[in-house]
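So the protein lines, in turn, are chains A and B. For the working numbering, add 194 to where a residue sits in the first sequence, where the first one is 1. For the working numbering, add 22 to where a residue sits in the second sequence, where the first one is 1.
For the record, the hints were derived by calculation from the structure and aren't laboratory data. It should be emphasised that the depicted structure is a prediction, and the values quoted were computed from it without experimental measurement. Heads up, the beta-carbon is just placed ideally off N, CA and C, and yes, glycines get one too.
To be clear about the criterion: a stretch of chain A counts as covered by chain B if any three or more of its residues have a C-beta under 8 angstroms from a C-beta of chain B, and this derived list gives those stretches: (1) 216-226; (2) 238-246; (3) 249-257; (4) 278-289; (5) 297-308; (6) 376-388; (7) 401-407.
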Amino acid sequence: MQNNTRHFAAIGVLVVIFTFVIFWILDAVLKFPVAASVQAGPIDALIQGHLWVIAFLFSLVVVIMVYSLFLFRRREGDNEEGEYFHGNTTLEILWTVLPMIVVIAFGYWATTTLSEITQRQDNEVIVNAEGYQWGWNFSLPNSDAITQELVLPVDTPIRMDMTSKDVLHNFWVPEFRVKQDIVPGRTTYLRFTPTTEGEYTLICSELCGLNHTGMIATVRVVSQDEFAAFWNQDVQTASSK
Amino acid sequence: MSLFSLGLVRAIVGQILGMLTGMATTILIRVMLGLPAWAAEPAWTVGALFSIIGALWGVGALSDWAKWMKGEETPMHHGPPEGKPAWTRYFGVDYNHKVIGIQYTVWGIFLLLVGGTMALIFRTELAESGRQFLSLELYNNFIGMHGFIMIFAILLGIGGMANYLVPLMLGAEDMAFPRLNALGFWFNVPGSLLLLTSLFIGGWDAGWTAYPPLSARGPIGYQLFFLGVFAVGLSSIVGSLNLLVTILQMRPKGMSLFKMPIFCWAVFATSLIQLTATQLIGLSFLMVSTQRALGMGFFDPGPVGATLMTGLGDPILFQHLFWFYSHPAVYIFILPGLGIISELLPVFSRKPLFGYKWIALSSLAIAIVGFIVWGHHMFTSGYAPVLRYAFMYSTLLVAVPTGVKFFSWLGTLWGGKLTFETPMLFVLGAISVFLIGGLSGPILGTVPSDLPLHDTYFVVGHFHATMFGGFVFPFFAALYFWFPKVTGRMYNETLGKIHFAIMTPAFWVQTLGQMGVGVMGMRRRIADYDPTLGGGSIEAWHLAITIAGFLIGFGVLLMIWNFFQSAEVGVLAGDNPWRSRSPEWQIPSPIPEHSFASPLIVRGEPYDYGLPEPYVAFAAAGDD
Numbered sequence: 195m196q197n198n199t200r201h202f203a204a205i206g207v208l209v210v211i212f213t214f215v216i217f218w219i220l221d222a223v224l225k226f227p228v229a230a231s232v233q234a235g236p237i238d239a240l241i242q243g244h245l246w247v248i249a250f251l252f253s254l255v256v257v258i259m260v261y262s263l264f265l266f267r268r269r270e271g272d273n274e275e276g277e278y279f280h281g282n283t284t285l286e287i288l289w290t291v292l293p294m295i296v297v298i299a300f301g302y303w304a305t306t307t308l309s310e311i312t313q314r315q316d317n318e319v320i321v322n323a324e325g326y327q328w329g330w331n332f333s334l335p336n337s338d339a340i341t342q343e344l345v346l347p348v349d350t351p352i353r354m355d356m357t358s359k360d361v362l363h364n365f366w367v368p369e370f371r372v373k374q375d376i377v378p379g380r381t382t383y384l385r386f387t388p389t390t391e392g393e394y395t396l397i398c399s400e401l402c403g404l405n406h407t408g409m410i411a412t413v414r415v416v417s418q419d420e421f422a423a424f425w426n427q428d429v430q431t432a433s434s435k
Numbered sequence: 023m024s025l026f027s028l029g030l031v032r033a034i035v036g037q038i039l040g041m042l043t044g045m046a047t048t049i050l051i052r053v054m055l056g057l058p059a060w061a062a063e064p065a066w067t068v069g070a071l072f073s074i075i076g077a078l079w080g081v082g083a084l085s086d087w088a089k090w091m092k093g094e095e096t097p098m099h100h101g102p103p104e105g106k107p108a109w110t111r112y113f114g115v116d117y118n119h120k121v122i123g124i125q126y127t128v129w130g131i132f133l134l135l136v137g138g139t140m141a142l143i144f145r146t147e148l149a150e151s152g153r154q155f156l157s158l159e160l161y162n163n164f165i166g167m168h169g170f171i172m173i174f175a176i177l178l179g180i181g182g183m184a185n186y187l188v189p190l191m192l193g194a195e196d197m198a199f200p201r202l203n204a205l206g207f208w209f210n211v212p213g214s215l216l217l218l219t220s221l222f223i224g225g226w227d228a229g230w231t232a233y234p235p236l237s238a239r240g241p242i243g244y245q246l247f248f249l250g251v252f253a254v255g256l257s258s259i260v261g262s263l264n265l266l267v268t269i270l271q272m273r274p275k276g277m278s279l280f281k282m283p284i285f286c287w288a289v290f291a292t293s294l295i296q297l298t299a300t301q302l303i304g305l306s307f308l309m310v311s312t313q314r315a316l317g318m319g320f321f322d323p324g325p326v327g328a329t330l331m332t333g334l335g336d337p338i339l340f341q342h343l344f345w346f347y348s349h350p351a352v353y354i355f356i357l358p359g360l361g362i363i364s365e366l367l368p369v370f371s372r373k374p375l376f377g378y379k380w381i382a383l384s385s386l387a388i389a390i391v392g393f394i395v396w397g398h399h400m401f402t403s404g405y406a407p408v409l410r411y412a413f414m415y416s417t418l419l420v421a422v423p424t425g426v427k428f429f430s431w432l433g434t435l436w437g438g439k440l441t442f443e444t445p446m447l448f449v450l451g452a453i454s455v456f457l458i459g460g461l462s463g464p465i466l467g468t469v470p471s472d473l474p475l476h477d478t479y480f481v482v483g484h485f486h487a488t489m490f491g492g493f494v495f496p497f498f499a500a501l502y503f504w505f506p507k508v509t510g511r512m513y514n515e516t517l518g519k520i521h522f523a524i525m526t527p528a529f530w531v532q533t534l535g536q537m538g539v540g541v542m543g544m545r546r547r548i549a550d551y552d553p554t555l556g557g558g559s560i561e562a563w564h565l566a567i568t569i570a571g572f573l574i575g576f577g578v579l580l581m582i583w584n585f586f587q588s589a590e591v592g593v594l595a596g597d598n599p600w601r602s603r604s605p606e607w608q609i610p611s612p613i614p615e616h617s618f619a620s621p622l623i624v625r626g627e628p629y630d631y632g633l634p635e636p637y638v639a640f641a642a643a644g645d646d
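Extracted from the complex, chain A is given alone in its bound form (with noise of 0.2 angstroms):
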């Protein structure tokens, strides 16, 4: 037992060390595109934690595995079976519990995160998105004028109100995280916030056809005073909804 001991000390240490340089890789590896809405800070939050886990869990698995093949490799002419047990209750109920308490620790940090991601605004920008194979069509409510390109104002809570022509869609900017898909029949919503300025790709990420690599969109993100030239008129604001 007491040769075990010394080898749960060097496991510890040896998950410790790996859980950093794993975090740094994915870190390093996993390049995501630059957050440029107010709801990618929450969401990148709760990515990096799931990172830290991932990095923890991985090691930990890793390292007993590695550790126990050279430890308990059969050596040259070893002819005798391995220590004879069945298990362990204590240790069974704990790697049941401790995830469990875990997995409903992030379940209530996700859920905070998404009721504030996806929080109504007081003074959102409503704007009309259609898909249809495969194009889009932007336009503002009560205004005639539609656009194949859509133009945000900056650091304006937006809402999206999408509508499908014929099959099902996705509104997906990487940048500003957030995605929704668009159904016919129905209208969809995807609230975000537009926090730099400067020209982004809209993308289609529900397979809808032929050329559903090609349904994508310029998204320009422009100050509000550029935004009212744009559609040559007063911007909406959501009163309801």
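Guided by the hints, dock chain B onto chain A, whose structure is given.
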């Protein structure tokens, strides 16, 4: 011996005749109704339905029941068919579970190769950005086809393992219902042939999930695809019923459920899902099929301002029905593989399985929780927002029983006397790969972190890691492990280790690469991508994924070559080369027609390596 004495040939001929009969029937009915005689969609649909029956009838899978209806006796025939070479039994209806197990396995590997080839074709297209040689139409066809052929291959693979091993592990003479067992296998032949031929009549271009409205308006290939899935689904249902009855009813005296080999528990949990969830994918595809053929508007929202008459269907309803099977289906795919891991680890560690009951019950827990998590595929679908919260918590719960398995495997390794023959290497590879798949799950399970990753290559990477870790690696481990039992000869160990050394790192590169490009913003199911993603590094990643894919393919071919060679020239393996305690290793290799010469007596526990008392012994002649 004529070609027609091969059941497979009769099945294919029967399928073609059935197709023609169905088409003729459709034309006849249409003429009688005063409609134009030829309409492609109904003709192919009815033809496909008849073709399934034609194939079953042609091969003779139905003939015993037909004889019963006429009041004829059908004594159970044992051994190879009379007057034909012994190998022909593998190409026809045979009631021996060992033959059926081989049939399942070989047909599964065949489909694995077809589906893998398709993947390599579109991986080549994706190796660099820009469109090279695949048309958009073929590209969309291949991705869906790759998906469903692989699903068939996996179902056949687990069917092969379960049918071959479960009766042996229980010391049973055969499965509970041998005729149903044969029928269950033969459903797969017309089913997969329908799926493959759908490519030649227009294909189907909505991906393996076939979401309407897209799937309700595409080419006729959809109908063949739907009916192919229907046939394979029937195989799942009758096969799982058979396995459940076998496990519950055919255990020898003294083998309580908690004394079974652990693989039987995995099969039990899998069969529960297969028996109760498969109907839902059949239903969802049948509804799309009738929407196309008969104008039923289940999923058709109709034009804006639609009334009840013009259509008030809901596309999201399909997604609920589809995922109610297709999520539990991934547990169907992985549970037997995880069972193989638990089964082999004690043999190569030379010590008892750590926490047998916990592992057994965690399979059941995964099966049960698996039924209430389908909505996580629909986080972005636009269903009621409250469902996102509910499905988030239920989904996260899956991590708990899965974690129990991992920790119990580590407990099994601890204190063992480990040796690293090819099956053990594949088991360890499976754990490493399934770990990647498992750990990339919760980040997709919490809605906010799912939103940027949903429908990207991150999901593709996650999903392939669970399939390779949960099925492919354990399946290969099982093939290497039981190869000496099936053939009596040992596979080539060096080639096996080379296969492992090529495939495992290649798969790590593939799956981690897929997750990497997904994070950069690479969507699923696109034939071309923006080369500036990931700061311009995405192309190099895609090239690496493609090369890794080819290496995996090469490894698989190496394995198949190894098996063909070794079956001829391999060294004789003896009855129990692994010194396993399991019943099937206590009888001769290859196994005689009647597996057990005398009844099994259970003496000890299945994994008590280190104790002199065996798990099972055989009653002496004349003993009761």
